[in-house]
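J.: Protein sequence lines, in the order shown, are assigned to chains A and B. Using the numbering used here, the first residue of the first sequence is number 1, and each one after it goes up by one. Using the numbering used here, the first residue of the second sequence is number 1, and each one after it goes up by one.
No wet-lab data here; the hints were simulated from the structure. In this text, a Cβ means the ideal position worked out from N, Cα and C, and glycines have one as well. Hints are supplied without guarantee of correctness; some may be wrong.
[Claimed, not checked] If you anchor each label on the Cβ, the simulated ranges turn out as follows: (1) V124(B) / T195(A): 53 to 61 Å; (2) K109(B) / E157(A): 52 to 60 Å; (3) S18(B) / P120(A): 36 to 44 Å; (4) K108(B) / L29(A): 23 to 31 Å; (5) R115(B) / V271(A): 24 to 32 Å; (6) K109(B) / L91(A): 29 to 37 Å; (7) E270(A) / S18(B): 19 to 27 Å; (8) L58(B) / V248(A): 43 to 51 Å; (9) E72(A) / K109(B): 51 to 59 Å; (10) K108(B) / P120(A): 47 to 55 Å; (11) R103(A) / H107(B): 39 to 47 Å; (12) A171(B) / V248(A): 36 to 44 Å; (13) V132(A) / V14(B): 20 to 28 Å.
[Said to hold, decoys possible] Under 7 Å between C-beta atoms, here's a sample of chain B residues computed to sit facing chain A: (14) L52; (15) A56; (16) E86; (17) L103; (18) H107; (19) W137.
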Amino acid sequence: MTLYTSTIVTPRPRPRAWAKFGESVAYALGLPIILLTIWGVWSSVSAAPYFPSPVVIFEAFIDTWVGPSFFEDVLPSLGRLAIGIVLAVVLGIAAGTVIGLVRWLRELLEPIFEFFRAVPPPVLIPIVAVLVGANDLMKLVVIVTGAIWPVLLNTIEGVRATDSVMTETARSFALTPSERLRFLVLPAASPRIMTGVRQCLSIALILMVISEMFFSSSGLGYQIVYFQRNYLIAEMWSGIVLLGLIGVLLAVIFGFVERRVLRWYHGIKEVERA
Amino acid sequence: MPEALLKVQNLKKVYESSTGSVEAIGDISFTMGRGELVCIVGPSGCGKTTLLKCIAGLLRPTSGVIELDGKKVAGPPPNMALVFQEYGRSLYPWLTVRGNVELPLKHKKLTRDERDRLIDDALVAVGLDHAAKSYPWQLSGGMQQRVAIARAVAYQPEVLIMDEPFAAVDAQTRADLEDLVRALHRDRGMSILFVTHDIDESVYLGERVVVLSKSPTWVQEDLAIDLAPERDQITTRALPRFTELRTHVYEQIQRAKRGEAVRPTS
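With the rest of the complex left out, here is chain A (with noise of 0.2 Å):
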C-alpha cells in the first residue's frame, strides 16, 4: 500500500527577486513622473495662475508642511484618521459578526441599515458639533458613521456566508463558542471583511478632511480651505498632493496587512489559475 500518493504544490521560488522589485518600481513611478513633465512643461508654457507649476508646487509642499505645521495640523488629522479607521473596522467586525450570527436581529436591522448608509455623514456635522461639541470628538463621530458601513455590511455577508459543512464540521466536533469564533467564522469572512476595510480606508479619509472643514481652526481640511479662500493657490494644491500622499500610504499598509491576513485565500485563487 502506497501512503505517499502524490506531491505538495508548494509556490515556485522568485528568481531575480531584485530585477523583479526594480521592475514593478519603475512601473508605479512611471506614469506619475510623465504627468508631472507635462504639467511642468505645459505650465511654464501656458503660466495659468491656478494651475502652478510642479517645482513651485512642491517649494510650497516643503515651507507649508515641513516645519510646525506639520505638528499642528498633519499629525493631529492623522492621528484623528488612525482613530477613525481602528473604531470604524473593530465596531464594524464586532457588530457585524453578532449581527451575521443572529438571523432575528439581522432581518430587524438590515432594512434600517440602508436608510442611514444613504445619508450622507456631512449633513450630520452640525447636529454632532450640536451634541458633543466642535471638537475631536466630533470629527472622530463624523469618521466613525461614514467609515464603518463598508465594513459593517460587508462582515454581515461574509459571517451569513460561512460554509455549511464547515459550520457542521464545528458542531460534530463540539468546538467552544470562541474557537468557532476565532478558528471560523473571523477567518471565513475574513476576504469580506478585508473588501470592506479597503473601502472603509478611503471614505475615512474624505471624511477626515471634510471634519475639518467646518467649526475648525486646525488641521489639513481646514488649512486646505484657508488657502482657497485666501488665494494660495500653490499652497492649496500642496495640501491636495500631500492628501494623496497619505492615500498612497494607506494602500500600502492595507496592502501589506491583507497579504498577510488572506495568505491561504490568494494561495487558493493561484492554485485555482494553476
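Since the structure of chain A is already known, use the hints to place chain B on it.
T.: Same frame as chain A, but now just chain B:
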C-alpha cells in the same frame, strides 16, 4: 456479537416544508458492536446522509432513539468523529494540515506533549507526516481526505462515521484510501460506520453490510461479510465469495430501487 456501541431504534425522519412533508426515513433499526466496521449501502436518494446526520446529532430525528455507548444522542456526542464527503469544505483552508488536525483537540484537557503526540501519530497513520506544514489546498483531493481522516483519528473517538468519503476521488486513490480505512480498523480496533453508494466498496470494507431500501427508508437486509479480516485489493476482490456477496448486495439494491422488497410489518 460484540458489546453494542451504537443503537438505532425505529428511527424516523420527516422533513417539513411549505410544499408538504417528505418522509426521508421510514423506520430504521440496527445496532453496531464495539470494534466493528459496518457499511451502510443503499440506492441513491435513500436518505443515507440524513441517517448519518441524525446519528451524528446534527439533525433531530422525528421519532426513534439513537444511543451511543448507552447514552441517548441529543446533540453532537463528544466521542464521535465525522469524515465528510466534501473534504474541500470540511477542512479549514486558513489552517495548515497540522492546525486542522489540532483544532478539535484544543478544548480537550491534554498537555502540550500529549496533544503533539496524538497529532504526529495521526499524521503518520495516514501517511501525511511530511505535509504537516502545508495547507490543505496545496494537496491533492486524496491527500485532503487523508487530513480529514487524521483529524478524526487524533480526536480518539469511540466511533468514526464516514459519509461517502471517497465519492469524489479517483479510482486509484480510492483503493489506497479503502486500505487505509481497513488498516485503521484492523491495527487500532477503531469502530467505523461507513456509508457508501458503492456496492463493491461496502463488501470489500465491511464486516457487515446494512442494505437500505429506497425512501422512506428501512433496513432491507443486514448481511454479515464472511471474508477474512486480512483483505487485499487484488486477491480479495478476485475471490468467488467476494463476487457472490457483491452480486447478492447488488440484487438487493436493484430490488430496493424497484421497490419490490416488502417492508416487514412488525
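J.: Evaluate each hint against the coordinates.
T.: Taking the hints in turn, this is what the structure says about them:
At about 40 Å, the CB distance of V124(B) to T195(A) disagrees with the hint of 53 to 61 Å. Taking the beta carbon of each, K109(B) and E157(A) are about 37 Å apart, not inside 52 to 60 Å as hinted. One distance hint, 36 to 44 Å for the beta-carbon pair S18(B) and P120(A), holds here, with the actual separation near 41 Å. Restraint check, K108(B) to L29(A): a C-beta distance of roughly 55 Å breaks the suggested window 23 to 31 Å.
Our hint of 24 to 32 Å for R115(B) and V271(A) holds, since their Cβ atoms are close to 29 Å apart. For K109(B) paired with L91(A), a C-beta distance near 36 Å keeps the hint of 29 to 37 Å intact. Between E270(A) and S18(B) the C-beta distance comes to about 43 Å, which lies outside the given range of 19 to 27 Å. Between L58(B) and V248(A) the beta carbon distance is about 49 Å. The supplied range of 43 to 51 Å therefore holds.
Distance hint check for E72(A) and K109(B): the Cβ-Cβ separation is about 57 Å, which falls inside the suggested range of 51 to 59 Å. Range check, K108(B) to P120(A): Cβ separation about 52 Å, and the 47 to 55 Å hint holds. The hinted range of 39 to 47 Å is not satisfied by R103(A) and H107(B), whose Cβ atoms lie roughly 26 Å apart. Against the hinted window of 36 to 44 Å, the Cβ-Cβ separation of A171(B) and V248(A) comes to about 54 Å, which falls outside the hint.
Look at V132(A) against V14(B): about 57 Å separates their beta carbons, and that is not inside 20 to 28 Å. Given hint, L52(B) at the interface with chain A, is violated; its Cβ is 10 Å from that chain's nearest Cβ, farther than 7 Å. A distance limit of 7 Å between C-beta atoms decides the matter here; for A56(B) the minimum to chain A is near 6 Å, and the interface restraint holds. Of the supplied interface hints, the one on E86(B) holds, with its beta-carbon coming within about 5 Å of a beta-carbon of chain A, less than 7 Å.
Because the beta carbon of L103(B) sits about 6 Å from the nearest beta carbon in chain A, less than 7 Å, this interface hint is met. Contact between H107(B) and chain A, as hinted, is supported at the beta carbon level, the nearest pair being about 5 Å apart and thus within 7 Å. At its closest, the beta carbon of W137(B) sits 5 Å from a beta carbon of chain A; the interface hint therefore holds under the 7 Å criterion.
This entry does not satisfy hints 1, 2, 4, 7, 11, 12, 13, 14, going by the numbered hints stated previously.
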